[in-house]
Amino acid sequence: MGLELYLDLLSQPSRAVYIFAKKNGIPFELRSVELLKGQQHSDAFAQVNPLKKVPALKDGDFTLAESVAILLYLSRKYEVPDHWYPQDLQARARVDEYLAWQHTALRSSCTRAMWQKMMFPVFLGEQVPPETLASTLAELDRCLQLLEDKFLKDQDFVAGPHISVADLVAITELMHPVSAGCQVFRSRPKLAAWRQRVEAEVGKDLFQEAHAAVMKVEDLPPADPAIKEKLKPSVQCLLQ
Amino acid sequence: MGLELYLDLLSQPCRAVYIFAKKNRIPFELRPVDLLKGQHLSDAFAQVNPLKKVPALKDGNFTLAESVAILLYLTRKYKVPDHWYPQDVQACALVDEYLAWQHTALRRSCLRALWHKVMFPIFLGEPVSPEMLEATLAELDVTVQLLEDRFLQNKTFLTGPHISLADLVAITELMHPVGAGCQVFEGRPRLAAWRQRVEAAVGEDLFREAHEVILKAKDSPPADPTIKQKLMPLVLAMIQ
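In order, the protein sequence lines correspond to chains A and B. For reference, each letter of the first sequence is one residue, going 1 to 240 in UniProt numbering. For reference, each letter of the second sequence is one residue, going 1 to 240 in UniProt numbering.
With the rest of the complex left out, here is chain A:
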């Protein structure tokens, strides 16, 4: 059995891994894990990732969790073009810096924005207090400003003149609130221009394909009570 990638394209980090693998022609078996059906909680999946999250990787007997670790593993094993994770010490440090920062910053606010604006009311039928949503959107705004001012600056891409894994991680995060109807690129021409560049580099078809599922979240039927029961405990923290 060759490389297997356990993904749900509803998940931002899954999209980053998917785009990266496809763009670099890395051969893999796609193993779908449907988060909204609670499939991440199955015993079978726990064998692959006891942390019960996607994305997860299985390469022979080797299993790996965490999208950043997976992206770097794939970069090294498949010897992808240098710009994805440059050899140059300082260029690489810039990518590492973004990948570290985003966990508790952009990722957190993008997930919360999407869940509070869309998933809680539409899918789980749970109202979110307007103050909570307002606070989340303000935090998202703050992170977007940091993304622009501290990381992107006047560069073409997040960590320098060329696209890297940092851009993939960032763009897939931003598409989360976009799918919930947040106009993250409006009134941010610098960010909008960067998005165009990333999409062009990745390839419009691949980008669209990776985002097809999340762009349709508003059409999701409400969760049935059994699913709601199953998912609610693990998503409660997203209400803060």
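Among the hints, erroneous ones may be present.
Unchecked claim - Interface residues of chain A toward chain B, partial, derived using beta-carbon atoms under 8 Å:
#, residue
1, Y73
2, R76
3, E79
4, L89
5, T104
These aren't lab readings, by the way, just hints derived from the structure by calculation. As the structure is a prediction and not an experimental result, all values here were calculated from the model. Where is the CB? At the ideal position from N, CA and C, for every residue including glycine.
Dock chain B against chain A, hints included.
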């Protein structure tokens, strides 16, 4: 001007960077940034790190934030022994996996434990409800258990037979609740044994030196009102 490291040993990631640099005899100028005096908010420091956090690195004109990025930069530039961040693709991936996971897991619970148990009441003079403290300590317990069961298991170090960046990052996190008086190693013989091994590998003197400040956190004098006002919103955002 050579390598400068902007640190406050009150901060877990600063301790990891400090220990790593000292252990590997990396020559650097220590630039202290006193967090409890709000020095990370100064305009001067913003030139080094616009994210206004420690640790931060300055190497000539090159500045870098994020402890994981800094540790990796130092690893590569100073060509430290392989075990810290192995060349082997799979061994390296396991370190990456831990370094990614910890941001939103162990780091978060350790930070909250220190602030809810000690820093809010003693330094900021703000009471924390028993329920909040209990919830925080319960969460810490769950995360520490995950650290043991999912990462350490029966291995000598977190990612294999040798100490790596993962162990440094983990141990410095765990010393945060220890500094707050939480007995995280009690009833956890495997973890306690791992701690002994990490301390021995790092060197007891260096370990003690790096942790002098945190172990005296309970003795922090109360913040004056100006400082308190300045720090409050940031602290609240940090421990969210």
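To see whether the hints hold, each was checked on the structure:
1. Interface restraint check for Y73/A: the shortest CB-CB distance to chain B comes to about 4 Å, inside 8 Å, so the restraint holds.
2. With 8 Å as the threshold, the beta carbon of R76/A comes within range of chain B, its nearest partner Cβ sitting at about 5 Å, so the hint holds.
3. The interface hint given for E79/A is broken, as the beta carbon of that residue sits about 11 Å from the closest beta carbon of chain B, more than 8 Å.
4. Hint status for L89/A: holds, given a least beta-carbon distance of 6 Å to chain B, under 8 Å.
5. For T104/A, the suggested interface contact is upheld, since its CB lies about 6 Å from the closest CB of chain B, less than 8 Å.
Comparing the model with each numbered hint stated earlier shows that hint 3 is the single one that does not hold.
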